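K.L.:
If you're matching them up, the sequences are chains D and A in order.
Under this note's numbering, the residue at position 278 of the first sequence is numbered 278, and the numbers go up by one with no gaps.
Under this note's numbering, the residue at position 121 of the second sequence is numbered 121, and the numbers go up by one with no gaps.
Zero decoy hints are in this set.
Covered stretches of chain D, as calculated for chain A (at least 3 residues, CB under 8 angstroms):
hint, region
1, 9-19
2, 43-54
Cut-off 20 angstroms, straight-line C-alpha distance, at most; resulting in silico cross-link-like pairs (SDA-like, lysine to any residue):
hint, chain 1, residue 1, chain 2, residue 2
3, A, LYS110, A, ALA120
4, A, LYS156, D, GLY109
5, D, LYS100, A, GLU26
6, A, LYS53, D, VAL205
7, D, LYS266, A, GLU145
If you are wondering where the hints come from, they were derived from the structure by calculation, not from laboratory data.
As the structure is a prediction and not an experimental result, all values here were calculated from the model.
Even for Gly, the Cβ is constructed at its ideal location relative to N, Cα and C.
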Amino acid sequence: MKFAFFVGCTTLARLWGYEIATRRTAEKLGVELVDMPGSGCCGTTYLETLDHITALAIAARNICIAEEMGLDIVTVCNGCTEVLTKANKELKKDPELREKVNEVLAEVGRRFEGTVEVKHILRMLKEDIGLEKIGEAVARPLKGLRVGAHYGCHLLKPSDVMMFDDPEVPTTLDELIDITGAESIQYPNKLECCTGPIMGVREDVTWAVGLEKVETVKKYADIMVTSCPFCYLTYERCQLVQESSPDVPVVHYPQLLGLALGIDYKELGFDNNRIDASAILEFMED
Amino acid sequence: MMTDLSEKEGIRIGKENIEFRRLLMETPGAERIMLCYQCGVCTADCPVALRVKEFRPRRIARLAVLGQKERLLEGDTLWLCAGCYTCYERCPEKVRVSEIISALRKLALKEGIIHPTFKALMKSIAEMGYIYEIGDFQNEMREDEDLPQAPEPEVKEIEAIMRKTGFLDLVEGC
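Chain D extracted, bound-state conformation:
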């Protein structure tokens, strides 16, 4: 199984733990992730709100690179996933819009053909590999570890575009956590947005929203697990800016899965997690 790997700005620039764990875990599961030469920012969900054609063209330029590679795209950021999925679907569906965007892309010698799919790594794990096969590959179940899952918004919404899982009662991340032997717990306001996107407008609001969720998770679970670098940053940083941090470890899903698959803790980029997550090791069976 082979995919074009769209890492995304935030993970490339600083969340190396996420990228390392994704690459190691994919390798372990026999998935080849191929880097996308010339790819850049997806455009961001901000650009979508500012200019429709520009947003489509910037996203499509990245999709064109995967089309040339002949590979479907795997993403690790909810924002990139939404931006690329939305552009890909709109351009495949609407020939007039596609012509308009292709006129812009012609300026840089590219053309959107509509030959590939875009999917978040959670979707790839569930739909392309499957829970059963992942379960069979688990070598060291994380027995007794209680996990507070955070889905984030753009993995699921807008649901008429993303067409993945259930926007009000999603289960994918919970299932993927449970398969590691850990237990995904239910907690109040589990689906609430991290509000990371307004960090640059009202930082105080983002930290307050983040902290509220972290403190809720702390009541019910040992760690928090995310599937988006932006959400991750919010829940990590909202703790770091406190005088006394609640110290709830925030872990990227592939780090958790990697451990269960038998990959060594040191090889999963945990030294990049700024809140020590080594307490997980106490839950590992030999």
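Chain A: place on chain D using the hints.
P.N.:
Structure of chain A alone, referenced to chain D:
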């Protein structure tokens, strides 16, 4: 901050307001504003409105119907939406305030208005191909982590696209 609707003089609706509403309704995403019956599910379930009293999605929908351009475009109102799509999913009339806000941001940009954070982000994409600098320093760190070099994003292509659509000129003119 948005003007309180309860102010004594009330809101005067002139031709220019109706004209602004027409312009807004022609912008993709805002077509259905007239169907809003102010149920308030958007505000009730908004994670930002819960903590920021001047951010009221329901009021944005009402002001849009009344074509209140100045009230809508001034201050941080339009830039406080986190884009979580909760109101999009739950709006019983598919009016979807998130999409109204998106349409309003497009009109704001044409008026030369953009939040400085958004402007900086857009300029970063045009200049570096990423929202952050991913240069020698980051690549050295990546190498230490045994990660491949970050893709070189063909900045010239990205800038050319943003220039061709006229978007970059609009952003720079703000």
